[in-house]
Structure formats: structure tokens, C-alpha cells
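Here the protein sequences line up with chains R and Z, keeping their order.
Per this note's numbering, the first sequence starts with residue 476, numbered consecutively.
Per this note's numbering, the second sequence starts with residue 476, numbered consecutively.
Just so you know, these hints were derived from the structure itself, not from any lab.
Hints may contain errors.
For chains that are exact copies, the list does not tell them apart, and a pair is met inside one copy or across any two.
Keeping only pairs whose Cα atoms sit at most 30 angstroms apart, straight-line, the calculated DSBU-like set for lysine-lysine is [said to hold, decoys possible]:
hint, residue 1, residue 2
1, 586, 769
2, 691, 740
3, 747, 699
4, 769, 740
5, 547, 769
6, 769, 747
7, 752, 769
Protein chains: 2
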Amino acid sequence: MQEKSEVNTDIPNSSKEEFWLTEYGPRNTAISLRVKYKLFEKKTPYQKIEIFDSYDYGRVMALDGFIMLTEKDEFIYHEMIAHVPLFTHPEPKHVLVIGGGDGGAVREILKHKSIEKVELVEIDEEVVKTSKIYFPEIASYLEDERVEINFQDGIEYVKFKHGVYDIILIDSPDPVGPAVGLFEESFYKNAFASLNDSGIIVAQSESPFIFPDLIKRVFSIFKKYFPIVHFYIANVPTYASGMISFVLGSRKFDPIKDFNPERVKSFVSTLKYYNEKVHLASFALPNFFINLLK
Amino acid sequence: MQEKSEVNTDIPNSSKEEFWLTEYGPRNTAISLRVKYKLFEKKTPYQKIEIFDSYDYGRVMALDGFIMLTEKDEFIYHEMIAHVPLFTHPEPKHVLVIGGGDGGAVREILKHKSIEKVELVEIDEEVVKTSKIYFPEIASYLEDERVEINFQDGIEYVKFKHGVYDIILIDSPDPVGPAVGLFEESFYKNAFASLNDSGIIVAQSESPFIFPDLIKRVFSIFKKYFPIVHFYIANVPTYASGMISFVLGSRKFDPIKDFNPERVKSFVSTLKYYNEKVHLASFALPNFFINLLK
Numbered sequence: 476m477q478e479k480s481e482v483n484t485d486i487p488n489s490s491k492e493e494f495w496l497t498e499y500g501p502r503n504t505a506i507s508l509r510v511k512y513k514l515f516e517k518k519t520p521y522q523k524i525e526i527f528d529s530y531d532y533g534r535v536m537a538l539d540g541f542i543m544l545t546e547k548d549e550f551i552y553h554e555m556i557a558h559v560p561l562f563t564h565p566e567p568k569h570v571l572v573i574g575g576g577d578g579g580a581v582r583e584i585l586k587h588k589s590i591e592k593v594e595l596v597e598i599d600e601e602v603v604k605t606s607k608i609y610f611p612e613i614a615s616y617l618e619d620e621r622v623e624i625n626f627q628d629g630i631e632y633v634k635f636k637h638g639v640y641d642i643i644l645i646d647s648p649d650p651v652g653p654a655v656g657l658f659e660e661s662f663y664k665n666a667f668a669s670l671n672d673s674g675i676i677v678a679q680s681e682s683p684f685i686f687p688d689l690i691k692r693v694f695s696i697f698k699k700y701f702p703i704v705h706f707y708i709a710n711v712p713t714y715a716s717g718m719i720s721f722v723l724g725s726r727k728f729d730p731i732k733d734f735n736p737e738r739v740k741s742f743v744s745t746l747k748y749y750n751e752k753v754h755l756a757s758f759a760l761p762n763f764f765i766n767l768l769k
Numbered sequence: 476m477q478e479k480s481e482v483n484t485d486i487p488n489s490s491k492e493e494f495w496l497t498e499y500g501p502r503n504t505a506i507s508l509r510v511k512y513k514l515f516e517k518k519t520p521y522q523k524i525e526i527f528d529s530y531d532y533g534r535v536m537a538l539d540g541f542i543m544l545t546e547k548d549e550f551i552y553h554e555m556i557a558h559v560p561l562f563t564h565p566e567p568k569h570v571l572v573i574g575g576g577d578g579g580a581v582r583e584i585l586k587h588k589s590i591e592k593v594e595l596v597e598i599d600e601e602v603v604k605t606s607k608i609y610f611p612e613i614a615s616y617l618e619d620e621r622v623e624i625n626f627q628d629g630i631e632y633v634k635f636k637h638g639v640y641d642i643i644l645i646d647s648p649d650p651v652g653p654a655v656g657l658f659e660e661s662f663y664k665n666a667f668a669s670l671n672d673s674g675i676i677v678a679q680s681e682s683p684f685i686f687p688d689l690i691k692r693v694f695s696i697f698k699k700y701f702p703i704v705h706f707y708i709a710n711v712p713t714y715a716s717g718m719i720s721f722v723l724g725s726r727k728f729d730p731i732k733d734f735n736p737e738r739v740k741s742f743v744s745t746l747k748y749y750n751e752k753v754h755l756a757s758f759a760l761p762n763f764f765i766n767l768l769k
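Isolated chain R (complex conformation) (with noise of 0.2 angstroms):
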């Protein structure tokens, strides 16, 4: 097997210019971006960073040769794990992000008038700092003053917490290496208690196309805890099979029944993907998913 993320030098029949980062994914494929350079590579205590300037999609953020984000594509992914549960609860003050370090959830919750105080939680400081550098667009809104970062694993985290939270984000890279735990049943058992009681989960479930065993677990594990579990869609072209899907768990608002399209409206110049039209069709999941769920 290759390694999983290289600037591939020598591809047979390019020119010494052509450099290609190619993510090769669980299920025999692979995504490619064409790159200018590698702007930086470190290797952390959990992972290794990579940013690389592409043609086509602004910088780019590797972790572990798995891309994290984009900058011509990042708005889908952020906007869809922060608006969705944010637009059905009807007035979210206290959010928790689990992950994230790059700032793009947080700055998307802070669009929100109601909110009082993001805590983000990232076991990473690395990858907030090298945001800060490469992504300052992004990550300055980790400077807001309702922002707390905590350096710190998540699972820890949440453990200590109990009751508080209007809205938990999951947003976790892909089910290997630090970000295993994350798709526990006992870490997200601590993350539902952390929960007040009118209080929304929203976790990255991965794409049903490549990982539709995790989604059938993370559902049954959901079903036990909440009266309200509903997955969602959304297509981000950097990501495998480019389909990602998130699953919402929920005490007491439903994110279609007590969705109200009429809250969007004032925010739709500050949203490239979300609308309140695309809130309730990213539920519309195709019959393959659905039959995952039964």
C-alpha cells in the first residue's frame, strides 16, 4: 500500500511540476487535488498535519493523509453541522464542539444572535495554531470572546460536564487513529448526558457508501438515548465518495416538525449551502440509507 498521503513526484508521464495529493480512502479509491507545494508538515503527539496549496480548491488541511478541509469547499460541511441543529433549536445559547480545531463550526454557530459562550474542545492545539497561520479567515473567529478553547481530549471532557449544553457538535475526523473513540458508545453516552433537556447532538457519521456498518451502529446507539434520531445529508466534493452524512440526536425539538423556514431567511446572504429548503431536503435520505436504518 502506498502511504496514505503524498505529494506524488513522480507520476508517470507528468512533468516535474505536477504534483497531485491524493487521499486514498477505505474502499479502494482515491480522491486527487492537483498542488502547487506543501506550505507545512508537522507531526504531532496524535497525528500528522499537512497544509498544501492547491489549484483548484485554496489550502488545504490534511490530517494523517485524510483531507479535513478545503478552502473553496469547507463552507458545505460547516454550515450543514452547525445550522441544522441550530435552526431546530429554537434558541441555542450554550454549544459544545468536540473537534474543530480549524474554527469553521465555531464561526458558523457565532452567526447565531442567540448564542452566549462556544466552548471548543480540541486535543490538538497544533491544529489551532496552524489554522491560525493558514486558515486566519477561518480561525479567527476562534478569537471571538464567547469562545473558550479547552486543549483536551473530548472524551475526557465530557464526562464532567452534566446537563449544560443546548447543542453538542461531534465534528471528528475519520474513525481512525485519535478519533476512534469518538464513535464509542461509552464516550457518546457522557456526551448525551452533558445535555440539558431540550438539548441536540449533531455527530459526522461518514458517507453511507463507505462506512454503512459505523452508521448502523451510531444509529442503535442513538435510538437508546433519544425519542428524536434523524440522519442528514449533504455533498462535499473533497470528501469520499462525496457524500457526508451527520446524525442528529434530539430530547425534544424535532428538526423537521418544529423547524421554522422563516428564522433562515434573514441569514441566507451569510450562507453559500445552508437554506431552509436544503434544512428539511438533507433528511430526504435515498432508499440504500434508508435500509441501512432498519
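Got chain R sorted already, so can you dock chain Z onto it with the hints?
This is chain Z only, laid out in the frame that chain R set:
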């Protein structure tokens, strides 16, 4: 630049058993599937046809290096190009398919009991021949007695048809090579004239991430000729950016207002992607797509 499609036998660090089919897209991106072998290759007067056996996507057909279909995910494209217009029209009887020599769109069309005749116009007879050998379960639908196959240029074919079709599907490859003319106004104009008074046309219109200008141009053409024009989207893992769009032009029936979800219910057991919620959700475009149409 590398050749558009190839089996890379000397990717660095890989053993000689690792072969990857790599599609280089137009935006400095590439998608790769790990393959076991190339089963077939032929240069026809129109294009290069290649068939591969892949590890996770079954058999794969590539035309001039672009992945056209894989056994694993072809259902998405074919269900979405066919059922959205066929469930918009209350009683589709006579359908024209331009392109689509693999038979996937025809298979979906024939699920509708009202269908009396399907005309397939495929410029390259070798596509049909190859599909019958390597995708027999898909291509076998071309043998149905309601199907008439014409090996001819669709651009010429529609010049001599007037007011006859309930539905036309333009199942074209990317707008390069022999398919360029299928994205031109002169072709569309003749195609529109071959629809009857309540006719509907759907054309695949590429990804908004990759071909935004094409989408704008196609939209301005369709608006000149149809009172009802909508784009809709689907997620296809093996197409560049993971998203494909379709443009629907209709003389009479609106795909949202005139859609009857009850009709879909009896079909659901035969469908892996499309359902009544997906039908409506596919018209909910992200803001960046809506902005292209302004």
C-alpha cells in the same frame, strides 16, 4: 498532462499488484478506483471504450477516460435521470433517450406500466455491443419489445421529429468529444420541437462545482423555450465532485406542484435511490447553485 485514463502500473511504493484507474477531471482533481484488470479496450470512430473490473465498484465503463458507470453506483444516475420526469408526467407513453447505450436509463423507464415505446438513439454501436457483453443485466432491457434502438447522431435524429415525445432524456457524457453538440442551443431547439404539447425534457447538466458556466448557459437556453425550468441534483460517488445536476424543461407539468407522491409508493421496492421524498428534495439547491441561476 497525463493521459486521461490509464492503469498506473508504476505508482511509487506500490507493489505491481496495485492498479488504479484514474480519471483526471477538468478542475485539477482526480478520482481513482483500484482495479483488478482492464477487461476490454476499443477505439471506435467516436471514442475509446474501456471496461475494468474494480475491487469495490464492480465493473466500470470509461469513455475517453471518463468514468461513465460502475456496477455499484449506476443506479443513482439512472434512477434520477428517469424517474423525476416520468413521475412528473401523469402518463408517459413515448420516450426518447439520446445516448444511454448501456441500457440503464431504459431499464428505469420500462418500470413505468404506461410506457408504450422507447426510442434509444446512440451514436456509437460499440457502446451497446460492449454493454451487452460486460453489463448484461443492465443492457438486457434493450431487448424489450417496446425498445427501438437507432445507431445515429442524436443531433440529426431530432431534426426530423416533431411533437411526438412525452419525455426526452439526454443521457450524455461530459461536454468533450462527440458529446459537445449535445450542449448547444441548435440541438436543444430541435429536441424541444420533437416534444408534444405536454412534453418534458431532462438533460444531465454536470456538476455545479466543475461546470458552473455550462449550467448558466443551459439555463438561459431552457428558459427561452419552456415555461417551467428546474435543476435537480443527485450524489454519485464516482462522478467528479460527487454531485451531478440535471436540467428539466416542461411544457405543462410542474415537477414539484404536479408531483403525486402516492404514485411512487408501489415502485419503492424496485428502487435503491429515488423515492417520493428524494424527488422533492433533489430540487432544493444549495445557495451557491441558486446564485448561478440569477
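Which numbered hints are broken by the structure, listed smallest first?
none
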